[in-house]
Amino acid sequence: MIWAAEAGDPVSRPVFYSLPLWLTITFYVVAVATLVWFFYAVARKIRRYRSGRQDPADRPAWRRLPGALLGVFTNRNVLRDNWYAGLAHLAVFWGFVGLFVATILVLVDNDILHPLLPSWTFMKGDFYLVFSWLADFSGAILVVGLAMFVFRRAVLRPRQLRVEERDDVAFLKPRVVRWEDWAFLVLLLTAGLGGFFLEALRIRATNPSFEGVSFVGWLLSGWLGDTGVTASGADTTFGYLWVFHALSAMALIAFIPTSKAWHMLAGWYSLAVKPARIGDMPPAVPTAGGGYGRLEDLSRGELAILEACIRCGRCHVECPAAEGGFPLSPRDLILALQVSARRLLPGLRPAPGTTATAPALAGEVIPASWLWSCTSCLACDEVCPLGIQHLPLILQMRRDLVARGEVSDRIQDTLTNVMRYGNSLGQSPRNRARWVKELPFEVKDARKEPVEYLWFVGDYASFDPRAQAVTLAAARVFHAAGLDFGILYEAEQNTGTDVRRIGEEGLFEMQRDKNLQALAKAQFRKILTTDPHSYHALTREYGSLNGNGGVPVLHHTEVLAGLLESGRLCIVAPLRGDVTYHDPCYLGRYGRVFDAPRRVLTALGAPLHEMPRNRERAFCCGAGGGRIWMEDVPGVKERPAESRVREAAGLKGVGTLVVACPKDLVMFRDALKTTGLEEVLAVRDIVELVEDAIGATQRSEA
Amino acid sequence: MKTLVLLKMVPDVVEELEVAGDGASLSRDFLRLIINERDENALEQALILKERHQGTVTVVAPDAPEVDDVLYTALARGADRVVKVTGLEEGVGSAEATVTVAAALSSVAGLLPVDLILTGCQAIDDLDGLVGPLVAHQLGLPYVGIVTGLDVHPGGMGRCLREYPGGVRGSFELDLPAVVGIQGAEKPPRYVPIAKVRAAMTSGTIETVAGSPPGALPLRVVEMKKPEVAERAEMIAGGLDDIASRVCEILAGRGLL
Amino acid sequence: MPGAVWVIAEQWRGGLSEVTYELLALGRQIADDRGAALEAVLLGSGVVGLAESLGLADRVLYADSPAFAEPVGEVGSRALAALATERKPTVVLVPITNVSWDLVGLLPARLGVPLVNFCMDVAAVGDGLEARCLVFGGKMEVRAVPESEPVVIGVLPGARRADAGRSTKRPEVEPVAAPAPETCGVRLLGYEEPEAGDIDITQQEVLVSVGRGLQGQANLDLAEELAELLGGAVSASRPAVDMGWLPMTRQVGKSGMLVKPKLYIALGISGAPEHVEGMKDAALIVAVNTDPGAPIFNVAHYGVAEDLLEFVPVLIDKVKEHKS
Ligand SMILES: Cc1cc2nc3c(=O)[nH]c(=O)nc-3n(C[C@H](O)[C@H](O)[C@H](O)COP(=O)(O)OP(=O)(O)OC[C@H]3O[C@@H](n4cnc5c(N)ncnc54)[C@H](O)[C@@H]3O)c2cc1C
Ligand code: SF4
Ligand code: SF4
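Protein chains in written order, with the working numbering: chain A, 1 to 702; chain B, 703 to 959; chain C, 960 to 1283.
Okay, chain A solo, but in the shape it has when bound:
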């Protein structure tokens, strides 16, 4: 529809300017048909969503709504990682909103007020002038934003927009995706440009002087005049163009519920239900395996959210699996689920397959190799501008695989090890604290005497010879600082947080209970851990621990920062050489501890250079989510750890990659070997640097 007001008022314009009656009628018929189609398509969608599981988490939390709205209106999620796409989107967003509001106003004025109470129309006078200007402005930014998008897609062609052909999933067809991407842009552009030309023709035909406020239309009509379009010529062309414009607008409306344009609606919902804190383990659901075994096991909200994906590909380029050439891409996962849901779930008519023949979700609709590629690094959930939560879906599907016993040999070995020995390495639990024998001092047994800090050491730090060196350094530093600390010795167990991410909830519960029992028998005031995964478990997954009086849980970088800043640890030899720091996923994105390690490095006097991917956008080392236990995947281009050490080595003058997680140490040291960067870069734990800086045995008083 076009903007208009009642004829008769000097400052206004006629609607359906010089249109024959039959066209007007046809217009209304087509418009009604389009609306019918629109609502039919929406009803079909909703029917499909309703075949999902009911889940209270699908209800938006009203308290968080203002924040979500603010996010939508400012486009801050879109702007955050890509200013170009962000600005383009902001322009298109507000342009579209402006034109949408304008259209509604015209609709109200022309189709409701005018037939009822002709005297009440408001499209006249100053209001009309402001309205016209705003409408033109909206159209202008819409077109500019769209042009930026077209330029990006056609000329810049960033790789994140490319959806590759894959032979391991049905239904996901890159050709269709590409067609739809372009169709969306072209339809919007046609609507925007069509409106302007229409306006220009109208102005050319009637030439009212006040229309200067419709600045685009005004300029355009001037240009039309210059090219020789006469007023009467404009008058006749107007009709045809109007029909075209109306049809293109209808096409856009019809397009919305069947394409990614639907994100305009689903996106609001997705952002409104996005959890306040990402990275929580999704609760088990009442299915046979506790996870998602069929598409119908997704919640209704999740089915809806799948359709919010705009295919921006941000998750795709942040994902260590997709980057490394593993089978998984979080974007493709969402797209595959989305198209599969459209094909396999019943719409208004029953779906082609009955439930009995419906393919299994994990392993068939989504290949198991995708699911096992995930490192649970949380980058996708963090980056998605629409707040889509990929990881919970992956974890739910893994749960189903585990429940069905479909795990690889090596995962099975690991799970058996944790079950049998309480550690993932399959070592005798009696050897857990053997490293303490190499210290010149005693480490307190927190089961036997009270301590201030209970040090939860973790599996890798306890058993892996490379990580043990760091554990020993940590012990010496704590000792030097005069920290009153102790460990649980053999009573400490794998926290189970990683097996949980494999999908073995039962084993996690077992491990949690064993650890909680051991903790209950110990006397301490705070918990200190050198292992981010344990940190995550202790802070977020061992509910009752924090419930009962809330024991503070600290990562060693937090403790070290405090010790250094308060002067309990004195620096005798400030660090020389520039360093960079890798944020471990479970400390950074999960735990939101970004500053403490940086404070430590500052205190040590180490010039810190950030890698391009840092803090919330840090790139995973590839070990999480149980990946450290799994077989190598054929066809991998570059392991995440290799990509990461290359990134660090690319920083001029940086000779040390500082880590704060035992698994990072192992992964990156190995990656140095395979990338041949051993001569260029050293990988060291932050606590080793502290030990260097404070001098071996120094002990200072506060």
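Calculated directly from the structure, the hints in this document are not laboratory data.
Hints are not guaranteed to be accurate.
Result set (DSS-like, lysine-lysine): computed pairs, CA atoms no more than 30 Å apart in a straight line [what the hints assert, rightly or not]:
no., chain 1, residue 1, chain 2, residue 2
1, C, K1098, B, K889
2, B, K927, A, K437
3, B, K928, A, K437
4, C, K1219, A, K673
5, A, K673, C, K1239
6, B, K927, C, K1219
7, A, K526, A, K437
8, C, K1047, B, K889
9, C, K1239, B, K927
10, C, K1221, B, K927
11, C, K1239, B, K889
12, C, K1282, B, K928
13, C, K1128, B, K928
14, B, K928, C, K1221
15, A, K514, B, K898
16, C, K1221, B, K889
17, B, K927, C, K1098
18, B, K928, C, K1239
Far from chain B, some chain C residues (derived; all Cβ distances over 12 Å) [what the hints assert, rightly or not]:
no., residue
19, P961
20, R1018
21, A1026
22, R1046
23, T1049
24, P1105
25, S1126
26, P1130
27, E1133
28, V1135
29, R1171
30, A1177
31, E1233
32, K1277
Quick look at which bits of chain B chain C covers, simulated, 3 or more residues with Cβ under 8 Å [unchecked claim]:
no., region
33, 714-728
34, 808-819
35, 846-860
36, 927-936
37, 944-953
Note that the Cβ used here is the ideal one computed from N, Cα and C, for glycine as well.
Go by the hints and put chains B and C with the ligands onto chain A.
Same frame as chain A, now just chains B and C with the ligands:
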């Protein structure tokens, strides 16, 4: 098809084994028992056959610490019945368990005859008895060991692959019923999530049968000790020629040349 | 004079296994110590020629029948049990190998006599015997005394040197009529050879494994030659696979294959935990690494701190020498 699986617990060598005060047996202090790996493979093969040809799988095991967990896990994996033979005091070597279990089979209600008996072809504590051959002999059934693949064909004929040296496998035809000593199943034992094992613990039952262990054992262990293993490799030094000769000798000594 | 000591000679695919000679050397010692005769028992088809080579035995009993052409435990155990019931040996030594393993269990069951398994050594002590056995996967060693005789003893390879079991003497060879059962419920249909090209390193008894210390694919020939001489295959650490020297199917370790060969030779592998996880259960580990402090020497049984590029050619020559 009715399949019987014989399994047993063996010491877990991940834990450092210690000699008991008598100098001739294992110390129980830190002893951890786990299912004999090959018996677990036998169970898996039995379950694979059950899935393929229907039927039932019964598991019989001598009593031992932690055997209940293993039996419940067997139920969770898909076994139909689990039976524990009591009355044993496990010592090193397996003649006692072997003889007791073999003798107790006839007292398990409704068990015999079966179509197939599967068990691991060896266990790390089989110092003085191997249960598969003994049961085969007692029941008058044929036996094949070191089997890595087994299927049953219509007409009660079994087909199996047995390992020979150098990756060669012998293909055998078996008249059923038969006893098969399993080395590996067609695929590694399936994983059962803890939740399923817990469910089996509440809903399943372990039957027990009183066994009567033999009085005297045919083999007496007079001493047990840890073999002297060096903490680190024995470094061979000298000229290249000497080292190479020494390496050849070592290999020859182990029958590897 | 006590009853004879028997050694069950192992023949497979037309030849005698080396382990037969090892058992002969062991049996000779037991027989001499207790003043008994040493008899080798050989089942086969057209095996007279082989019987002649068992010179260390006082007598070779051989049963020649097409039924014995292939070593099938069911067949062999019935024939041997019948023969033993007739001849009354006091000690029966059976090699613990894939070929003879079924006999180790079936023979004592059929005869109703004790079994001593996993035996590394046997000595005559007084009237009786004392066996030294390796149990619990080699974690414990026991001395065990059979309470009665006859006794069947399963002997691990390597109990004696095979050389010590060879003799140029021509033994007394006695054909015996062992009953070949008409039907025993088990029929060998044939052998399946391992598929060529697609080597499964988990199935190999000998692995020569290469790491970054190999320095380049060009040097792979060395490892391959050694592996071939030893009747095994080449495997690798992850970096060696990453560099494309070998396919991923040859990777040993946490993210590759878990292997348990009888012999694992680690060439230029440092021994990172991820690698060790995949090979620590090998029966014999020999490591070659220029760095005497490399952690691989913590798991290896024998270590050679030399440059592999210099050492391996010498070793290859020595193995060749030894074989001829
Ligand atoms: C999650 C994860 C999984 C992994 N999975 C595996 C796995 O499955 N398998 C695996 O192998 N690794 C794996 N690794 C890698 C592992 O940590 C080591 O990096 C790797 O095993 C080292 O391989 P290497 O010993 O060949 O190389 P290096 O560690 O570089 O060792 C080379 C050795 O060769 C020696 N050397 C050099 N020149 C010579 C010479 N001329 N003669 C003799 N010796 C020489 C050197 O002294 C050195 O000790 C994994 C790592 C991680 C983090
Ligand atoms: S959690 Fe990390 S690895 Fe998993 S899909 Fe998301 S970005 Fe990829
Ligand atoms: S899931 Fe989110 S981040 Fe990924 S492509 Fe879709 S909209 Fe973009």
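Status of the hints after comparison with the structure:
A threshold of 30 Å between alpha carbons decides the hint, and for K1098/C with K889/B the separation of about 28 Å falls inside it, so the pair holds. For the hint linking K927/B to K437/A, the alpha-carbon distance of about 26 Å falls within 30 Å, and the restraint holds. Our distance criterion of 30 Å between C-alpha atoms is met by K928/B and K437/A, whose separation comes to about 23 Å. Restraint check: the Cα-Cα separation between K1219/C and K673/A comes to about 26 Å, which is no more than 30 Å; the hinted pair holds.
Between K673/A and K1239/C the CA atoms are separated by roughly 22 Å; this keeps the pair inside 30 Å, and the hint holds. With a C-alpha separation of about 24 Å, the suggested pairing of K927/B with K1219/C holds against the 30 Å cut-off. Between K526/A and K437/A, the direct Cα distance comes to roughly 24 Å. Compliance with the 30 Å bound is thereby established for this hinted pair. For the hint linking K1047/C to K889/B, the alpha-carbon distance of about 44 Å lies beyond 30 Å, and the restraint is violated.
Simply put, K1239/C and K927/B have alpha-carbon atoms about 22 Å apart, close enough for the 30 Å limit, and the pair holds. Of the pairs offered as hints, the one joining K1221/C and K927/B holds, with about 23 Å between alpha carbons and a cut-off of 30 Å not exceeded. Between K1239/C and K889/B, the direct Cα distance comes to roughly 23 Å. Compliance with the 30 Å bound is thereby established for this hinted pair. Between the alpha carbons of K1282/C and K928/B the distance comes to roughly 34 Å, so the proposed pair goes past 30 Å and is violated.
Distance hint between K1128/C and K928/B is unfulfilled; the C-alpha atoms sit about 40 Å from each other, more than 30 Å. Pair hint K928/B plus K1221/C holds up; C-alpha atoms about 21 Å apart against a cutoff of 30 Å. This hinted pair checks out: K514/A and K898/B have alpha carbons roughly 19 Å apart, not beyond 30 Å. Proximity of K1221/C to K889/B is assessed by CA-CA distance (about 23 Å); at most 30 Å being required, the pair is judged to hold.
Of the pairs offered as hints, the one joining K927/B and K1098/C holds, with about 9 Å between alpha carbons and a cut-off of 30 Å not exceeded. Proposed proximity of K928/B and K1239/C is supported: the alpha carbons are some 18 Å apart, at most 30 Å. Once the 12 Å rule is applied to beta carbons, P961/C is consistent with being away from chain B; the minimum gap is 18 Å. With a least CB separation of 25 Å from chain B, R1018/C remains clear of the 12 Å interface cut-off, as annotated.
The Cβ of A1026/C lies farther than 12 Å from every Cβ of chain B, with a closest approach of about 15 Å, so its non-interface assignment holds. Here R1046/C stays apart from chain B, with its beta-carbon at least about 20 Å from theirs, past the 12 Å limit. No Cβ of chain B approaches the Cβ of T1049/C within 12 Å, the least distance being about 14 Å, so the stated non-interface status holds. At the 12 Å boundary, the C-beta of P1105/C falls inside the reach of chain B, the nearest C-beta of that chain being 5 Å off.
Residue-level check passed: S1126/C sits 17 Å from the nearest beta carbon of chain B, beyond 12 Å. At roughly 22 Å from the closest C-beta of chain B, the C-beta of P1130/C stays outside 12 Å, upholding its exclusion from the interface. At the 12 Å boundary, the C-beta of E1133/C stays outside the reach of chain B, the nearest C-beta of that chain being 28 Å off. The claim that V1135/C lies off the interface holds: its Cβ sits roughly 23 Å from the closest Cβ of chain B, which is beyond the 12 Å cut-off.
No Cβ of chain B comes within 12 Å of the Cβ of R1171/C; the nearest lies about 19 Å off, and the non-interface call holds. Distance check for A1177/C against chain B: the nearest CB is about 21 Å away, which clears 12 Å, and the non-interface claim stands. The Cβ of E1233/C lies farther than 12 Å from every Cβ of chain B, with a closest approach of about 18 Å, so its non-interface assignment holds. Listed as outside the interface, K1277/C is inconsistent with that label: its C-beta sits roughly 4 Å from the nearest C-beta of chain B, within the 12 Å cut-off.
For the region 714-728 of chain B, the stated coverage by chain C is satisfied: 5 residues place a CB nearer than 8 Å to a CB of that chain, which reaches the threshold of 3. With 0 residues bearing a CB less than 8 Å from a CB of chain C, the region 808-819 of chain B misses the requirement of three and the coverage assertion fails. Note: the region 846-860 of chain B has 3 residues with beta-carbon separation from chain C under 8 Å; the three-residue rule is met and the coverage holds. Coverage of the region 927-936 of chain B by chain C holds in this model, with 8 residues showing a Cβ closer than 8 Å to a Cβ of that chain against a need of three.
Check on the region 944-953 of chain B: 7 of its residues sit with their Cβ under 8 Å from a Cβ of chain C, so the three-residue criterion for coverage holds.
In the structure shown, a violation is registered for the earlier hints numbered 8, 12, 13, 24, 32, 34, in ascending order.
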